[in-house]
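Now for the letters of each chain:
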Amino acid sequence: SAEQIKVGFAAEPYPPFTSLDASGKWVGWEVELADAVCKEAKLDCVITPVAWDGIIPALTSKKIDVIVGSMSITEERLKTIDFSDKYYNTPTGIIGRKDDKFDATPEGLAGKIVGVQVSTIHQDYATKHFGDKAGEIKEYQTQDEANQDLAAGRVDAVQADAIALDAFLKSEAGACCDHKGNVADDQAILGKGVGIGLRKDDGALKEKLNAAIKAIRANGSYDTFSKKYFDFDIYGG
Amino acid sequence: MNESLYQLANLGLLALEPPGWGAILLKGFLASIQIAVGSYILGLIIGIFGATGKLYGGVVARDLWEIYTTLVRAVPELVLILLLYYAGTDGLNRLLGLLGYGSLDINGLLAGIIVLGVVQGAYSTEVLRGAIKAIPGGQIEAARAYGMSPFMILRRITLPAMLPYALPGLGNLWMVATKDTALLAVVGFTELTLATRQAAGATKAYMTFFLAAGLLYLMLSFFSGVVIRLIERRARRGMAGPV
Amino acid sequence: MSEQILAPVAPEPEIARESLLMPHRIVLMLVFAAILFCVIYFMRWDWVAQYQGRLIAGIGRTLAMLFSSAAVGFVFAVLLGIAQVAGPWWLKWLANGFCSIIRGTPLLLQLWLLYYGLGSIFAQFPEIRSSFLWPYLRQAWPYGFAALTISFAAYEGEVMRGAFAGVPRGELEAARAYGMGSWTTFRRIWLPRAVQRALPTLNGETVLQLKATPLVATITVVDVYGVISKVKQDTFLTYEPLLLLALIYIILTGLLVVVFRYFENKIPVKM
Amino acid sequence: MAETAQAIQIVGLHKKFGPLEVLKGVSLSARQGDVIAIIGGSGSGKSTFLRCINMLEMPSAGTITIHGETIDMKKDGRGGMQPANRKQVQRIRSQLAMVFQNFNLWQHMTVLQNVIEAPVHVLGLSKGEAIARAETLLRRVGLYEKRDIYPAFLSGGQQQRAAIARALAMDPLAMLFDEPTSALDPELVGEVLAVIGDLAKENRTMILVTHEMKFARNVANHIVFLHNGVIEEQGPPDQVFGDPKSERLKKFISSVH
Amino acid sequence: MAETAQAIQIVGLHKKFGPLEVLKGVSLSARQGDVIAIIGGSGSGKSTFLRCINMLEMPSAGTITIHGETIDMKKDGRGGMQPANRKQVQRIRSQLAMVFQNFNLWQHMTVLQNVIEAPVHVLGLSKGEAIARAETLLRRVGLYEKRDIYPAFLSGGQQQRAAIARALAMDPLAMLFDEPTSALDPELVGEVLAVIGDLAKENRTMILVTHEMKFARNVANHIVFLHNGVIEEQGPPDQVFGDPKSERLKKFISSVH
Ligand SMILES: Nc1ncnc2c1ncn2[C@@H]1O[C@H](COP(=O)(O)OP(=O)(O)OP(=O)(O)O)[C@@H](O)[C@H]1O
Ligand SMILES: Nc1ncnc2c1ncn2[C@@H]1O[C@H](COP(=O)(O)OP(=O)(O)OP(=O)(O)O)[C@@H](O)[C@H]1O
Ligand SMILES: [Mg+2]
Ligand SMILES: [Mg+2]
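Protein chains in written order, with this note's numbering: chain A, 1 to 237; chain B, 1001 to 1243; chain C, 2001 to 2271; chain D, 3001 to 3257; chain E, 4001 to 4257.
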């Protein structure tokens, strides 16, 4: 039978990539991606939700075998874990309340409270680029909480993956807010896109996953399920 | 405007059938109860060994149990859960690896039970130790005088005789066990609290779900309270008046 | 289990009085030293220097949370306790209900209910948003403080109820017989006597409260637990930060116990 | 003059506990310097009567006059009475110092603190003054050395002497003793009775409930025999003990001896 | 025959508690049917001696032989002794039924459960058999009606009678009583002594420590006077009580009467 691997998701909702629906199923773009990759690589994948905060320790202590969690490939993370090739890449955006006009620049954010999710590239980016000017960089365990606090007025701006922000803005709760722009790029922090996280000694698995990602890109299934979620090319440049 | 207030009344979100989230909550609740029961029983077993070890064990055993109970009771459960959850299973797997076995698949439920059980064990140890000390010494001496073996004394006399003294403490511990399951939310285990947050996150109806979960916990604690009182009354039937 | 188990329970040697130099103790200490050595030399601790300042600030915030919530919570606990012992039936009923509800639900849930639930409702009222309270209400710590305070009040309310009820009636009667009014009796006799009785329990409960404080990190209050979480996420280390955190809490617990011992010993109680 | 000489005057005191009428019209007057001993069988209402005098129990009917001041009472809704003026009751209580059977010392205070507590917080004495007075009194009852000890570490006799010092510190118009020695071991009774005996010699107004007949005879100048909630017989000790009139008193005296 | 007739034989028993030597070489032999009363002042070592017989205390030296079987002991490292064979000790204990001063009934069991506990779980009787035996015995000590009551709800005398039934249920070779009536109120002593007196008439081997001299004289056929850890004097009751030799015994007897 097929090799069994445990696919780690963040247990906290991260729409439209991974979230639980009312019937208890995990749904979202990344779930479909994981399915497609696993099918292609002939792997028997078991979805294993873990706390985002502990997702890397969970990987290294073998509670899970791969991370499919919109985790960007960065130098810092590469010191601890390994990544497959990227499977999507999106710009980083900033949103704020509609009645509050500002730009996604250090100057625009001067004095503002910026919410980010912990241990994300956004946290590092915001700390480095906005840290001095902004009123405070507030860290949240989940993206969802950051968004929630923006709606509740407890932060002025939220920096995150533009797509995730877009999903929030489209939701009922996101009606309060709009997109203020994307931040200037910083490859060293924002990385080279999102990849599947792996343990360092898992070379064989990495080969398989890379081949599978390439294959679903080539055979069109990647585009098929992406269309359901996005009206643009999420794979990026 | 008063969207959340409106949602408070939107009980449709709690329906058992999707799009209601009732089933998810109940599943989480069930998981909470499973963990609570499991860890409580594990804690009791550890507690029995701990209490007898502390009272009757050799010097080494006594010191080791003392270290265990002191450390566990001084460190926040949250920290212990993180430490044991990651380090515990990691260490176990490494040990198994060293011994040449494959890695063990410890699922979240089992890990949760073990982690909370170890925490509960420290408190159980103290409760049971106090209860055993409260047994009049003569009762155990009488058992010796009638030729009972040490294990039989433990089984037939010590454990049942200490029960009335231990029950109030054990009752409290059960209440703690039911509530400590919520802490597993921070390691991503979908028990009631995390299920609540997932539902709340998906629907943004925070108040509705938090209050619903609170009600479930309250029901559990109320029901437990009734059962504990019944058990206590039964265990105290041999005692004249309140202790 | 040797014949030892047969021994009557009474003669339980006081561990503290035994010598630290017993052979097995020395072995234990050696083992401990070896573990300590391994921990120091085989694990990474270079980050400690870098986070030192934030750690100290975090400890400060933890202690601030602990003491402020315990102090305010204790005032409420006294009220809850006395209400249950001496109040009219409806007040008894209310106080009792409050204690049962808080004690019956997890603190984590209460915290989230206050922060995400109540907090988001506040945000929907422009009146509140424009009021002078808003700068506070939009922060996280007031919610953490409120949740911790309420929880402490409920648990201690039970303790104080028992303590108030346990003060011998005769001592209160003596106070009345010497012409003290109800407030003087309460302030000079009933309350101090009840607190004295409750001190050992309060000690334990305050340690429990200390251990509950890290939960506020889940609503973005950066206490020492929050700082350690950050270390974990920045460095991708797991065990080292958690071990340090455990050590910090052990030390704080030890200090609390010592402080309470001091107060307990101020009024000797005959065994 | 005749007014003030009448230290305590009680007229027609009734006390009901629910349906049970414990006191059925008891009257008593004590002049300044009187030492009155109340004797009687268990359940005859002695404690209740004493506790009514300083309003620890509310009488159901009757008047209580302390040094010419009658305590105002009003009807509560449920057929009982209640004090009309709480401040007055507190003031009168502070003038009638009660010594309890179980001492009722405040356990969280040292002996000295116990003695100065009420003078400072009820009478409003300065702390220094109260301490000076307390130390004199403690020396008198032979407890000066124990002044910084907590009551739990004293013998019963010492505790009762501390309680007497506490009562004396109020410089009361009259002292009320409810079986001050019955919670003591026989060996300790003597030391407490000695202290009370000394007080009696000083012309202090005292009302004491006691089971120590010999002591009552020696110390009191008036004996009241309570039975079933009424005063069955009263008079000077020699008459009451030497020549009891009623059958019941005769039986009581013979049973106690 | 001479062997088995010797029910209990103790030779040169010593017992030290730390530096304190409580028993300094006590020897005693009881034939089948003997009733031996041990008397002596407080602290003379009576209880310790009785507790050594069934090894509730480990003797420091000496031998104990029950119905011809000598209990194996070996030296422990620290100058004391310990049983060589735990099973043997348990077996012998089950043949020597002890009745304690404080009854020591198991509080979590009813009277009947107390009585059948050891027969079922130590002797291995079937439950039905044990209950039948227990009911006979309970009837004998007059507690049949109380068989389903928990001990806490019995009077002291009833508790002690239940404890005696519990001991009898083991059908023991000998019974050991340690001051079986001294924890009882005076009114209740009689009922327990009556039961023990009946047992004595039945030719049951018994060793009893008692302060009830009159009872000892009536019931025992041999009196042992223990003083300071040695047997100061022993003999038939009439001789020991009627014509004591040693000064100490004389003094003891006169002090007790
Ligand atoms: N608070 C109360 N409620 C109901 N009944 C009471 C109360 N206090 C006293 N009594 C009853 O009143 C009666 C008289 O009690 P009291 O204590 O005055 O007797 P006493 O003469 O002091 O007896 P003793 O010598 O035993 O102290 C008793 O029958 C008692 O049961
Ligand atoms: N477990 C023990 N540890 C140390 N000393 C003990 C112990 N048990 C008894 N002793 C001491 O041994 C001495 C004899 O005690 P034992 O109880 O045998 O006296 P006894 O003759 O039964 O006196 P009593 O009539 O008061 O019961 C006493 O001095 C006692 O203090
Ligand atoms: Mg009385
Ligand atoms: Mg004895």
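Read the hints as simulated data drawn from the structure, not as lab findings. Where hints are given, some of them may not hold.
To be verified - Here are the in silico distance ranges between beta carbons for each label pair:
#, chain 1, residue 1, chain 2, residue 2, range
1, B, Gly1097, A, Asp85, 44 to 54 Å
2, B, Lys1027, C, Trp2093, 27 to 37 Å
3, C, Cys2038, E, Glu4069, 53 to 63 Å
4, A, Gly203, C, Cys2038, 25 to 35 Å
5, E, Arg4031, B, Leu1230, 40 to 50 Å
6, D, Phe3017, C, Trp2093, 48 to 58 Å
7, A, Gly24, C, Leu2208, 31 to 41 Å
8, D, Phe3017, C, Arg2187, 45 to 55 Å
9, C, Ala2071, B, Leu1230, 31 to 41 Å
To be verified - Calculated cross-link-like contacts (lysine-lysine; reagent style DSS-like; alpha-carbon spacing at most 27 Å):
#, chain 1, residue 1, chain 2, residue 2
10, A, Lys101, A, Lys79
11, C, Lys2266, A, Lys128
12, C, Lys2266, A, Lys133
13, A, Lys62, C, Lys2266
14, D, Lys3251, C, Lys2266
15, C, Lys2230, A, Lys112
Said to hold, decoys possible - Incomplete in silico selection of chain C near chain D, CB under 7 Å:
#, residue
16, Gly2053
17, Leu2055
18, Arg2138
19, Gly2166
20, Gly2170
21, Glu2171
22, Gly2181
23, Phe2186
24, Arg2193
25, Gln2196
26, Leu2199
27, Pro2200
28, Thr2201
29, Gly2204
Ideal Cβ placement from N, Cα and C applies to all residues, glycine included.
Now for the hints, and whether the structure bears them out:
A C-beta distance of roughly 30 Å is found between glycine 1097(B) and aspartate 85(A), which places it outside the suggested range of 44 to 54 Å. Remark: the range hint 27 to 37 Å for lysine 1027(B) to tryptophan 2093(C) is upheld by a beta-carbon distance near 35 Å. Between cysteine 2038(C) and glutamate 4069(E) the Cβ separation comes to about 56 Å, which falls inside the hinted range of 53 to 63 Å. Checked against the hint of 25 to 35 Å, the pair glycine 203(A) and cysteine 2038(C) passes, with Cβ atoms roughly 30 Å apart.
For the pair arginine 4031(E) and leucine 1230(B), the beta carbons lie near 55 Å from each other, so the given range of 40 to 50 Å is not met. Separation of phenylalanine 3017(D) from tryptophan 2093(C) is about 27 Å and departs from the stated range, judged on CB atoms against 48 to 58 Å. Checked against the hint of 31 to 41 Å, the pair glycine 24(A) and leucine 2208(C) passes, with Cβ atoms roughly 34 Å apart. Restraint check, phenylalanine 3017(D) to arginine 2187(C): a C-beta distance of roughly 30 Å breaks the suggested window 45 to 55 Å.
Look at alanine 2071(C) against leucine 1230(B): about 38 Å separates their beta carbons, and that is inside 31 to 41 Å. For a cut-off of 27 Å, the pair hint linking lysine 101(A) to lysine 79(A) is broken: about 39 Å separates their Cα positions. Proposed proximity of lysine 2266(C) and lysine 128(A) is contradicted: the alpha carbons are some 53 Å apart, above 27 Å. Among the hinted pairs, lysine 2266(C) with lysine 133(A) is inconsistent with the structure: their alpha-carbon atoms are about 52 Å apart, more than 27 Å.
As the CA atoms of lysine 62(A) and lysine 2266(C) are separated by approximately 53 Å, the hinted pair breaks the 27 Å bound. Restraint check for lysine 3251(D) and lysine 2266(C): the C-alpha separation of about 53 Å exceeds 27 Å, so the hint is violated. Our distance criterion of 27 Å between C-alpha atoms is met by lysine 2230(C) and lysine 112(A), whose separation comes to about 21 Å. About 44 Å separates the beta-carbon of glycine 2053(C) from the nearest beta-carbon of chain D, more than 7 Å, and the hint is not met.
Proximity of leucine 2055(C) to chain D is violated relative to the hint, the smallest CB-CB distance being about 40 Å (cut-off 7 Å). A cut of 7 Å between beta carbons decides the hint on arginine 2138(C): the least distance to chain D is about 45 Å, and the hint is violated. Hint on glycine 2166(C) is violated. Least Cβ distance to chain D is approximately 11 Å, over the 7 Å limit. Because the smallest distance between the Cβ of glycine 2170(C) and any Cβ of chain D comes to about 4 Å, under 7 Å, the interface hint for this residue holds.
The interface hint given for glutamate 2171(C) holds, since its Cβ lies 5 Å from the closest Cβ of chain D, which is under the 7 Å cut-off. For glycine 2181(C), the suggested interface contact is upheld, since its CB lies about 6 Å from the closest CB of chain D, less than 7 Å. A least Cβ separation of about 12 Å between phenylalanine 2186(C) and chain D goes past the 7 Å threshold, and the interface hint is therefore violated. Evaluation of the arginine 2193(C) hint against chain D yields a held restraint, the C-beta minimum of about 5 Å falling below 7 Å.
Look at glutamine 2196(C): its Cβ gets to within about 5 Å of chain D, closer than 7 Å, so that hint holds up. Contact between leucine 2199(C) and chain D, as hinted, is not supported at the beta carbon level, the nearest pair being about 11 Å apart and thus beyond 7 Å. The criterion of a C-beta within 7 Å of any C-beta in chain D is not met by proline 2200(C), whose closest approach is roughly 14 Å, and the hint is violated. Look at threonine 2201(C): its Cβ only gets to about 16 Å from chain D, farther than 7 Å, so that hint breaks.
Taken as an interface hint, glycine 2204(C) does not check out: its beta carbon lies about 20 Å from the nearest beta carbon of chain D, beyond 7 Å.
Comparing the model with each earlier hint shows violations of hints 1, 5, 6, 8, 10, 11, 12, 13, 14, 16, 17, 18, 19, 23, 26, 27, 28 and 29; every other hint is respected.
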